[in-house]
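**Student:** Model the placement of chains B and C on the given structure of chain A, informed by the hints.
Residue numbers (our numbering), protein chains in the order written: chain A, 725 to 1131; chain B, 4 to 529; chain C, 118 to 375.
Honestly, I wouldn't trust all of these hints.
[Said to hold, decoys possible] These stretches of chain C come out as covered by chain B in the derived footprint (C-beta under 8 angstroms, 3 or more residues):
1. 136-146
2. 179-188
3. 202-215
4. 222-230
5. 253-263
6. 267-275
[Claimed, not checked] With a straight-line Cα cutoff of 30 angstroms, these simulated DSS-like cross-link-like pairs (lysine-lysine) come out:
7. Lys182(C) x Lys114(B)
8. Lys426(B) x Lys502(B)
9. Lys154(C) x Lys247(C)
10. Lys475(B) x Lys408(B)
11. Lys1068(A) x Lys371(C)
12. Lys371(C) x Lys889(A)
13. Lys114(B) x Lys152(C)
Since the hints were derived computationally from the structure, they do not count as laboratory data. All residues carry an ideal CB built from backbone N, CA and C; glycine is no exception.
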Amino acid sequence: MELVTTVVSKAGAKKSTVKWKFKMTPMRWVFTGIAAAAIAVILVRFVLGLGATTNLNDQWPWGLWISFDVLLGVALAGGGYGTALIVYVLRRDKFYPIARSAMLTSLLGYIVVVLGLLIEVGQWFNFWRPYVSWGHASVLFEVFWCISCYTVIQILEFCEVGTEKVFKGAHKYLKKAMPVMLIIGITLPTLHQSSLGQLFYLMVGKVNPLWWTAFLPVFFLLSSFFVGAGMIVIESSLAGKALNHKVEIPVLRGLVKISAGAMILYLMLKITDMVVRGTFANAFAFDLPSIMFLSELTFGVIIPIIIAFSSLSSTRKGLIWFGILTVSGVIMNRFDVLFTGMGKYLNQYGGSYVPAVSEFIVSLGLVSIACLAYLFLAENFNILGNHESEHADDIEIKDGKYASTAK
Amino acid sequence: MASKVGRVKSLSRRSFLKFVGGASLVGVTLNLTGCGKPITPDKAIGGNGWMPTQYNAPGNWPTSVRGRVPIDPENPAIVRDDQKCILCGQCIEVCEKIQSVFGNYELPIKKEFVCVNCGQCIQWCPSGAISERDDVNRVFKALADPNVTVVVQTAPATRIGLGEEFGMPVGTNVQGKQVAALRKLGFDVVFDTNFTADLTIMEEGTELVKRVTGELHHPIPQMTSCCPGWVKFVEYFYPELIPNLSSAKSPQQMEGALIKTYFAEKKEVDPKKIFSVAIMPCTAKKFECQRPEMNSASKELNDSNVSPDVDVVLTTRELARMIKRSGIDFASLPEEEYDKLMGTGTGAGVIFGTTGGVMEAAVRSAYYLITGQQPPAALWNLTPVRGMQGVKEAAVNIPGVGDVKVAVISGLANARKVMDQMKAGHAPWAFMEIMACPGGCEYGGGQPRASSPPSDEDRNRRAASLYNIDAKAKLRNSHDNPEIKQIYADFLTAPMSEKAEELLHTHYVSRADDFIPKKSEENKLY
Amino acid sequence: MAKGVLVDIPKCIGCESCSVACKLWNELEWDEQEKNKTAIDRAKEPNNGLWPEEWTSINRYDLEKDSESVARYVKTQCMHCEDPACVSSCFSKAFQKLPEGPVIYDQSLCVGCRYCMMACPFDVLRYEWKKAIPGVRKCQMCATRVANNQETACTSVCPTGAIIFGDREELLAEAKKRIKENGYVDRVFGEKEAGGTSWLYISDTPFEQMRFRTDITSKPLPSYTEGYMKATPFVGVGWAAILAGLYVYNNKGKEPLD
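Chain A extracted, bound-state conformation (with noise of 0.2 angstroms):
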């Protein structure tokens, strides 16, 4: 199936016309179906309000969505700075062929972690507030400037490549800011991915000390840094199934290394930790808490280490193993902190909480937006490294017959 819309510019007698392409495939459609399953409950949670589509309560009020949309959304969202930071800051020109879609990846994992911060939160009309009301003592509040801010400048960093099919005059406009854009657009990430650690530190007492550390923002920061690599290469090799598009091994392999160097750097950091601490009885009691702190870094750090510096990782396999682990190393770490890093305190006097099947729900329909908004956008636009969209739009104009079609 294909969607083919033109755009007609107002511009006087000439028309210019844009092709838009977007294949429905099978997967294509399970994710449009979780995608209106999670809209449905959205809807539901703007009427009836949290209490009626969540399991959150006042033990737990922060939940599956807060974890998952927000620290883990914005951590596994990390590559792009990561990878702005090494193509345009460091210039290591051979990564570039994987910087837009990086970058593109990110984008939409803030847009869906903006998303999901305007569901979660209880008065989302009041979103603006710390704009003008400045709780500036608030770790969140950095975390809120930056994410908004940041969001701002990746939409503008990605107008970059967008301008390159539709409003062309902007381009170069764009293009001179791009500078700016990309220093900010590493800054910021590297404030609030740490803040987004910091933010456990006020929770004094109630978080397992296995996680709670004044070293808390440079393991956020860290491991939002090397899981980068790990998504980046789980997405090209997603994408490189959907899209028919393969990443060079070389190029993965070498963000694999730069990735497995900083996980040494958060392995050498948290042993030191637990001495400077005294936590190394904790880590060993091999209760819930040890033996999730264990795996944590034995599966989503130490392994993925074995794998970049050995051969393995010259395979796509061992690429692919990477990327698993590390991904579900930091999922297993933001978890950890919230869930297993709190349960014990906040349900000391019987609370519970085991999120409802419509967080489910929209937790895996906001990705699955994401997924669907990833694959137009990597359709249509130049992010993958080839120029099918442009040669579309040559066919377009010759052809002249569009209006506004779709079969």
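**Tutor:** Showing chains B and C alone in chain A's frame:
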């Protein structure tokens, strides 16, 4: 296209910085001038409600009327609906100043909410937040069960209160209509507690004579025990005076014990299938019937399946509610008679319902018990013990004994004063009648509310109605009651016989360990 | 001068006047289910009997004291920290600590992120989960009354003086006096907990047996993130400068990327 380019042009480096800077400036300005202003108390949530005037004075000056009494959620007699409470402080007023219960224990409390279950707080509560524990449904359920014989007794004072619930003047005597209403509700047997009031006089009177003659080694003065609020008060605050309490049960419990033994035997009813209900002007009776000692029938019959002597106590108000719920037109009911066997009472029994009544009835029969002669007419109108004064004294001349000094007290604060005197050694009386509620049962915690807070005017009207019943009664002495003679002849043998002791007498427990009594008046912390 | 409330736990008789006063003054709705709960029920609940419409609750704990079984009633509500975590955690300044003592909340500024609830060291904040437009709910320490030189609603109705309102400093001295005179546990809960609170508790039975968070830090919670937030702008600017430098250096003489 030109306009569009112009708009997008603002996103050049310089313009972008300008935009960011401008936005920040706007933010800072808004922050400083308006939106970001520190919030003021009036912006806080809540705080728009209402409180009684005494709480709204500036500063934290001590307010004399504040708060409310604690009520145990498990209290068998009294419940409170927090939603209706306005914290007016009236319950504390009556509990502390009239009944001298609240505030007469040291803090911290141990576990117990010190409460004598008198229910005067119900009468004082202006918003209807405090009420009796509603047992109406338990009675309806028993009435609906064809296998159960539901036997009911009505206290002396309910007959002059119930009518008020149906718009009749204060103190209207509705004895016959009450009986008719109970039959209509489906009660199988309707007895009169006046019968056991007379029986109480026989037992208590005999006990008094035995104490005076020294046959019974119990201290004098003897104190009445028919008021469960008063009994609990002694158990709490004056455990050393427990021996002074008459061992005779209250009329309600005597009737209850006899219903499951005497009545069951005579009418050949399985005691296990008897559901015994008492209609009382009192909330403390709900507590009394649950006391573990009040299980004589089960003990006597040696059958643990026999339920307590009195299964349920309903207040006068609850009975009115049952009648109303059943759609019975109370005013048009005929006058009916109580059932025989335990349904006959004398004028002496009916005046149990007001302060001084027990004393007057006791004096009449004591005269007979001591002298063997009928009391003179003067004892049928013993004015010194009538009326609403809290403490009344009288001296009755009984030939052969001389002047017998008696005291009549109503209201527990009054009782406290006299008890403190007794502890100090001043106790010239032979017999004392004490009722927890001011004015006695006729304005007990379970009676209809004639005025709020209760007034002596209404108390006097109700008392007058009781005295009027007594004045018109054919029999005015307890010992003349033919059913009393019959029960002694057929069942109990004699007053204070072994069987009578078992069924009609009880013992008391000290509750002094449940709390720490107030050490002294000066030490009053609250 | 900053006001406070002293809760003398042994003097509480469990009449619950205070919670009714709170309902009256703040026009809080009654809930049939909550209304019928007893102080014993509430003590066993995960949320201490505090709900969006129950800003204070009396909880009963049955304890052993001098080998005797005793009951103690504990009033729970917001502790009104001297340096509150909720105020510092709120990114839209919906919370405010008044100089008179109350920590107040303005729903019109609230975004609804519930970070305050996560941050509160005493877990007293409640959220209106059932509402489409929900807000945070907690004791406001009768801010308008206190600002008006009146005492709080709950203290004004206490018949035994178990909760008394006054200047925090004076109450603290009174608390220490009472501890000495009555042989209470030698701790004023709220003197230093979480950096000190406007509400102070004294007791003759161990606090930890009555669900007090006795292992709590004595540092004000905002101090944990204060330094971080102060450093942020400098770190941000510094980092941006470094990035700019690197960008210029690395792009020198190179074709700009597409």
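**Student:** If a hint holds in the structure, say so; if it does not, say that too.
**Tutor:** Hints versus structure:
Given a C-beta distance limit of less than 8 angstroms, the hint that chain B covers the region 136-146 of chain C holds, as 9 residues qualify and 3 suffice. Proximity of the region 179-188 of chain C to chain B, defined as three or more residues with a beta carbon under 8 angstroms from a beta carbon of that chain, is established by the 5 residues found. Counting residues of the region 202-215 of chain C whose beta carbon lies closer than 8 angstroms to any beta carbon of chain B gives 4, which meets the minimum of three for the stated coverage. For the region 222-230 of chain C, the stated coverage by chain B is satisfied: 5 residues place a CB nearer than 8 angstroms to a CB of that chain, which reaches the threshold of 3.
Taking a C-beta to C-beta cut-off of 8 angstroms, the region 253-263 of chain C contributes 7 residues in contact with chain B, enough for the three needed, and the coverage statement holds. Counting residues of the region 267-275 of chain C whose beta-carbon sits less than 8 angstroms from any beta-carbon of chain B gives 7, enough to reach three: the coverage restraint holds. For the hint pairing Lys182(C) with Lys114(B), the CA-to-CA distance comes to about 11 angstroms; that is within 30 angstroms, so the pair holds. As the CA atoms of Lys426(B) and Lys502(B) are separated by approximately 34 angstroms, the hinted pair breaks the 30 angstroms bound.
Of the supplied pair hints, the one linking Lys154(C) and Lys247(C) holds, its CA atoms being roughly 20 angstroms apart against a limit of 30 angstroms. Of the supplied pair hints, the one linking Lys475(B) and Lys408(B) holds, its CA atoms being roughly 28 angstroms apart against a limit of 30 angstroms. Restraint check for Lys1068(A) and Lys371(C): the C-alpha separation of about 55 angstroms exceeds 30 angstroms, so the hint is violated. Among the hinted pairs, Lys371(C) with Lys889(A) is consistent with the structure: their alpha-carbon atoms are about 26 angstroms apart, no more than 30 angstroms.
This hinted pair checks out: Lys114(B) and Lys152(C) have alpha carbons roughly 22 angstroms apart, not beyond 30 angstroms.
Hints 8 and 11 from the list above are not met by this structure, while the remaining hints are.
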